[in-house]
Every structure is written in structure tokens, then in C-alpha cells.
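Let's have the full structure, built from the sequences with the hints guiding it.
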Amino acid sequence: MVILLFLFFLGLCIGSFLNVVVYRLPKNESIIFPSSHCPFCNHKISWYDNIPLLSFLLLKGRCRYCKKRISFQYPVVELISGIILPLSFFLYGFNFRFFATFLFLYLLVPLFLIDMRHRVIPDKITIPGIIAGFAFSFFLKSFQWFESLLGIAVGGGILLLTAVVGRWILKKEAMGMGDVMLFMMVGAFLGWQRILLTLILASFLGSIIGGIIVARKKKKDRVVPFGPFITIAAAISYFWGNLLIGKYLSFFR
Numbered sequence: 000m001v002i003l004l005f006l007f008f009l010g011l012c013i014g015s016f017l018n019v020v021v022y023r024l025p026k027n028e029s030i031i032f033p034s035s036h037c038p039f040c041n042h043k044i045s046w047y048d049n050i051p052l053l054s055f056l057l058l059k060g061r062c063r064y065c066k067k068r069i070s071f072q073y074p075v076v077e078l079i080s081g082i083i084l085p086l087s088f089f090l091y092g093f094n095f096r097f098f099a100t101f102l103f104l105y106l107l108v109p110l111f112l113i114d115m116r117h118r119v120i121p122d123k124i125t126i127p128g129i130i131a132g133f134a135f136s137f138f139l140k141s142f143q144w145f146e147s148l149l150g151i152a153v154g155g156g157i158l159l160l161t162a163v164v165g166r167w168i169l170k171k172e173a174m175g176m177g178d179v180m181l182f183m184m185v186g187a188f189l190g191w192q193r194i195l196l197t198l199i200l201a202s203f204l205g206s207i208i209g210g211i212i213v214a215r216k217k218k219k220d221r222v223v224p225f226g227p228f229i230t231i232a233a234a235i236s237y238f239w240g241n242l243l244i245g246k247y248l249s250f251f252r
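Residue numbers (numbering that gives the first Met the number 0): 0 to 252.
You may find that some hints are simply not true.
[Claimed, not checked] Taking lysine-lysine and the DSBU-like style, the derived pairs with C-alpha atoms no more than 35 Å apart in a straight line are:
#1 123 - 26
#2 140 - 246
#3 123 - 140
#4 26 - 66
#5 59 - 43
#6 43 - 67
#7 59 - 123
#8 26 - 67
#9 66 - 140
#10 26 - 59
#11 26 - 43
#12 67 - 123
#13 66 - 43
#14 43 - 140
[To be verified] DEER-style ranges, computed between Cβ atoms:
#15 37 - 250: 53 to 63 Å
#16 56 - 91: 25 to 35 Å
#17 214 - 247: 24 to 34 Å
#18 138 - 39: 36 to 46 Å
#19 95 - 126: 15 to 25 Å
#20 207 - 37: 14 to 24 Å
#21 210 - 247: 17 to 27 Å
#22 127 - 35: 38 to 48 Å
#23 30 - 160: 28 to 38 Å
#24 207 - 79: 19 to 29 Å
Because the hints were derived from the structure by calculation, they are not lab data. Idealized CB from N, CA, C, for every residue including glycine.
Here's what the structure looks like:
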């Protein structure tokens with residue numbers, strides 16, 4: 000219990016850092032310097048106002064100095080990040096699978112938010128993610144390096160083909176290279192079978208949720224980013240992918 004609480008608080012701190020990544024990386028700003036400051040008044044945030052989750056509650060969701068509302072993104076990301084670390088430990092114990100799991104999920108969190116907000120998927124996250132996913136495959140008993148390599152190739156290949164064909168048919172960019180790199184990263188962690196499942200799930204989520212968004216906005220040319228759906232589908236595939244694939248294959252036996 001003590002370990003889980005420690006990991007929860009450590010996860011909250013990681014979540015605080017991920018918020019910095021989400022805010023600064025799209026602007027090409029350093030994620031280390033300067034120290035945290037209010038995005039509205041630029042006042043430096045003191046350490047006692049920068050305690051993950053707690054400070055947001057004590058300040059009632061407002062900046063101490065300019066009284067502007069703090070985005071709910073900050074406590075939500077911190078809370079989710081706080082859950083990820085102890086959950087990974089609870090499921091897998093202290094081993095390489097534990098490290099691979101929380102790293103993968105912590106990569107997905109900023110990618111989800113950055114693409115949703117800025118319509119961009121930074122290579123500064125996906126490329127290290129590809130390398131890390133492939134590297135972990137050498138230390139995981141249930142996941143071999145060639146599965147990771149195939150996942151990278153299949154994930155990147157399918158999305159790249161989709162981008163090329165889509166551009167040829169629609170005469171405009173149908174899939175960005177950021178999505179291709181994201182699929183390669185997911186493939187590095189999941190392998191070729193679960194990357195195919197991820198594509199199916201992401202397409203399903205995108206068609207349903209994206210269709211609702213476009214219908215509500217009443218703009219047929221509105222661009223709905225695909226990245227958030229990929230990240231959600233990837234998380235589902237990571238935990239339940241083998242089960243879903245097994246259930247599907249059982250229908251043909």
C-alpha cells in the first residue's frame with residue numbers, strides 16, 4: 000500500500016511535467032527553462048502553488064496573481080498520470096513490463112492533447128518512443144524484438160499507404176506524417192497484430208466521434224485530428240488487444 004501511494008504521488012509529479020510538455024513543446028520552447036509561470040500574466044509560480052493536484056484545489060482553479068481560470072487539463076492530466084504508475088505496478092510488478100507500460104502510456108498522454116489542440120504530433124516524442132519500444136522488446140519475455148520491428152513496419156506502412164492513396168484520391172493531405180510516426184511508435188510497443196487492431200479501433204472511434212463533432216459544428220470541411228483516436232485505441236489494444244483478437248478468432252474455429 001505504501002509503495003502504491005508513493006507511486007501515485009510520483010505519478011502526479013510526472014503529470015505536472017507532462018502538462019509543461021503539452022504547453023511548451025508545440026511552441027518549440029524549452030521544457031526545462033524557464034520555471035513554471037502563469038500563461039496569462041507570466042508571473043512565476045511559487046513551489047507551494049505548483050503542488051500537483053493539491054494547489055489547483057487550494058487555489059480553486061485560479062491563478063493566485065491574475066485570478067484567471069486555470070485549465071482543467073492540468074489536474075486531469077496529473078490525476079491520470081498519478082493513476083498510471085501504481086496501476087502499472089499493480090498489474091505487472093517491478094519488472095521490464097512495468098517500465099514499458101508506464102512509459103508507453105506517458106507517451107500517449109501528451110500526444111493526445113497536443114494533436115487535439117494544435118493538430119500536430121511532435122517527432123520529439125514519437126521518435127524516442129519508437130526507439131524505446133523497440134529497445135524494450137529485447138527484455139520482455141512475452142514480446143520479441145521481431146514482433147516490435149514488424150509492428151513498426153506494418154504500422155508505418157499502412158498509414159503511409161493511406162496518406163499516399165488519400166492524397167491521390169482527395170487531391171489534398173488525408174493523413175499527416177505525424178500520424179504515420181505515431182503508428183510506428185505504437186507498433187514498436189504492440190507488434191503487428193495489435194497495431195492492426197489499433198487501426199480498426201481508431202477508425203471506428205474516429206468515424207463515430209468525428210462524425211458527431213462535424214455534425215455539431217455543421218462544417219463539412221472541418222478537420223478532426225486522428226491522433227487522439229489512435230492514442231485511445233492504442234491504450235485499449237495494449238491492455239485488451241490479445242483478448243479481443245482471441246475472441247475474434249474464436250468465431251472461425
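Tell me, which hint numbers fail for this structure?
-> 9, 14, 20, 22
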